[in-house]
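A.B. asks: Here are the chains, one letter per residue:
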Amino acid sequence: MEQKKKELLVLEDILGSNKKIADQIRKKLEEHGILAINLLSAPGSGKTSLLEKIGLKLKDSCRLGVIEGDIETERDAERIRKIGLPAWQITTHGACHLEAKMLAQIFDQIPADLDFLFIENVGNLVCPASFDLGEGLRFVLLSVPEGDDKPQKYPEAFITSQVLVLTKCDLLPYLPFDTDRVIKEALEINPHLKVFKTSATSGEGLDELCAFLEAELKQRRGQHA
Amino acid sequence: MHELSLVADLFTIIEEQASRAGAKRVTKVVVSVGELSGVVPELFRSAFQSYKKGTIADKARLQLKMVKIKFKCRSCGHELTARNIMDESFSYVCPACGSKDMELIAGRDLYLEKLEIET
Ligand SMILES: Nc1nc2c(ncn2[C@@H]2O[C@H](COP(=O)(O)OP(=O)(O)O)[C@@H](O)[C@H]2O)c(=O)[nH]1
Ligand SMILES: [Mg+2]
Ligand SMILES: [Zn+2]
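As you go down the protein sequences, you meet chains A and D in turn.
Counting from 1, position 149 in the first sequence corresponds to residue 149 in our numbering; the numbering is continuous, with no gaps.
If you want our numbering, it's the position in the second sequence, counting the first as 1, plus 225.
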């Protein structure tokens, strides 16, 4: 039997199936005027604590929702519900990141009249960076106890984010953390990063962060109106 | 790590391409892996080996081509390649003009480049 070998040039993006779903989600969010924020950080950097605090600040003036990504538990979603906000839990059952298709599965439950949809990704500074969720803004959080060498070690998270939130800044007096160096190095990796120094404990920087979010929402709605 | 789910997506593309080309089998798979793609080559390789069983690419060899991180200066067009992802001496400042406005132009992607098939 004759067997012919040939080469087939494909050039297809393997991350493309995620990208396609992410683009559909982004389109729906834009239609509804919802600003979605994807929060990336190592485990324990203070994502849930930050959401609790800015949630309380924003909830009287805005409609908020929170998607909680976690490998197994519902704990973070319960923390968010306790402050009176709707929260949807996505348990990834072992997967180290959220994917757009996981969001698509629960998208029907999300009210169309939200202002902000916060998405707390799985605690991991590597894998989530590769998966677009259709968000409008990506935040990377870096906490003071983690040390100041993270931007160089995990460049993708910093390159793909628009905002860097330094968290647990109340601990600065007690730990060797060179804030200026971190900010300088982060900006060398991504000069467009907007940087906020915050603390969920002392409340530092949270008003600035909320003001930034409200301004972004207004500006984006202006563009799409 | 999420290499297995990426390999599953890879096989969706392989099956689609192979059937469109009327292939009887796939003998070689060439994937280009950006150093910033978050993919660990060893994990990707072992996920591929276990996933391929019983598929059209049952006997296929996997070739991984690593793609280096590359920036291009938005001010002067100069291109800069990092030696590797942990390159300590790598600076995100343009060595030609000093601008910090460098755009990442390579190293993030994960591509199925080509297949070798038998028809
Ligand atoms: N000192 C201090 N601790 C914080 C702050 N924010 C969070 N934490 C603590 O850090 C730990 C992890 O916080 P959590 O919000 O659950 O982090 P997540 O895993 O990123 O969601 C908890 O023990 C928090 O009490 C902060 O601003 N200052
Ligand atoms: Mg949390
Ligand atoms: Zn230049």
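Treat the hints as calculated values from the structure; they're not laboratory data.
Certain hints may be false.
To be verified - Some chain A residues close to chain D (C-beta under 8 angstroms, calculated; not the full set):
no. : residue
1   : Glu-12
2   : Leu-15
3   : Thr-91
4   : Pro-155
5   : Glu-156
6   : Leu-171
7   : Leu-172
8   : Pro-173
9   : Phe-177
10  : Asp-180
11  : Lys-184
12  : Lys-194
13  : Val-195
14  : Ala-211
What the hints assert, rightly or not - Derived list of chain D stretches under chain A, where covered just means 3 residues or more per stretch with a C-beta under 8 angstroms from a C-beta of chain A:
no. : region
15  : 276-290
16  : 297-306
17  : 319-329
18  : 333-342
As the list claims (entries may be wrong) - Derived DEER-like restraints, expressed as beta-carbon distance ranges:
no. : chain 1 : residue 1 : chain 2 : residue 2 : range
19  : D       : Ser-271   : A       : Gly-44    : 39 to 49 angstroms
20  : A       : Thr-91    : D       : Tyr-276   : 19 to 29 angstroms
21  : D       : Lys-278   : A       : Lys-5     : 20 to 30 angstroms
22  : A       : Glu-12    : D       : Ser-300   : 42 to 52 angstroms
23  : A       : Gly-222   : D       : Ser-300   : 43 to 53 angstroms
24  : A       : Thr-91    : D       : Leu-268   : 18 to 28 angstroms
25  : A       : Ser-202   : D       : Leu-229   : 35 to 45 angstroms
26  : A       : Lys-5     : D       : Glu-267   : 38 to 48 angstroms
27  : A       : Gly-203   : D       : Ala-321   : 22 to 32 angstroms
28  : D       : Thr-280   : A       : Asp-170   : 52 to 62 angstroms
29  : D       : Ser-275   : A       : Gln-219   : 22 to 32 angstroms
30  : A       : Glu-78    : D       : Leu-229   : 37 to 47 angstroms
Positions of the beta carbon are idealized from the N, C-alpha and C atoms, including for glycine.
A.B. asks: Hints first: check each against the structure and report whether it holds.
C.D. replies: Against the structure, the hints:
no., hint, verdict
1, Glu-12, "holds, 5 angstroms"
2, Leu-15, "holds, 5 angstroms"
3, Thr-91, "violated, 15 angstroms"
4, Pro-155, "holds, 7 angstroms"
5, Glu-156, "holds, 5 angstroms"
6, Leu-171, "violated, 27 angstroms"
7, Leu-172, "violated, 25 angstroms"
8, Pro-173, "violated, 29 angstroms"
9, Phe-177, "violated, 20 angstroms"
10, Asp-180, "violated, 16 angstroms"
11, Lys-184, "violated, 10 angstroms"
12, Lys-194, "violated, 15 angstroms"
13, Val-195, "violated, 14 angstroms"
14, Ala-211, "violated, 26 angstroms"
15, 276-290, "violated (count 0)"
16, 297-306, "violated (count 0)"
17, 319-329, "holds (count 4)"
18, 333-342, "holds (count 10)"
19, Ser-271/D with Gly-44/A: 39 to 49 angstroms, "violated, 30 angstroms"
20, Thr-91/A with Tyr-276/D: 19 to 29 angstroms, "holds, 24 angstroms"
21, Lys-278/D with Lys-5/A: 20 to 30 angstroms, "holds, 22 angstroms"
22, Glu-12/A with Ser-300/D: 42 to 52 angstroms, "violated, 33 angstroms"
23, Gly-222/A with Ser-300/D: 43 to 53 angstroms, "violated, 30 angstroms"
24, Thr-91/A with Leu-268/D: 18 to 28 angstroms, "holds, 22 angstroms"
25, Ser-202/A with Leu-229/D: 35 to 45 angstroms, "holds, 43 angstroms"
26, Lys-5/A with Glu-267/D: 38 to 48 angstroms, "violated, 28 angstroms"
27, Gly-203/A with Ala-321/D: 22 to 32 angstroms, "violated, 44 angstroms"
28, Thr-280/D with Asp-170/A: 52 to 62 angstroms, "holds, 54 angstroms"
29, Ser-275/D with Gln-219/A: 22 to 32 angstroms, "violated, 48 angstroms"
30, Glu-78/A with Leu-229/D: 37 to 47 angstroms, "violated, 30 angstroms"
In the structure shown, a violation is registered for the earlier hints numbered 3, 6, 7, 8, 9, 10, 11, 12, 13, 14, 15, 16, 19, 22, 23, 26, 27, 29 and 30, in ascending order.
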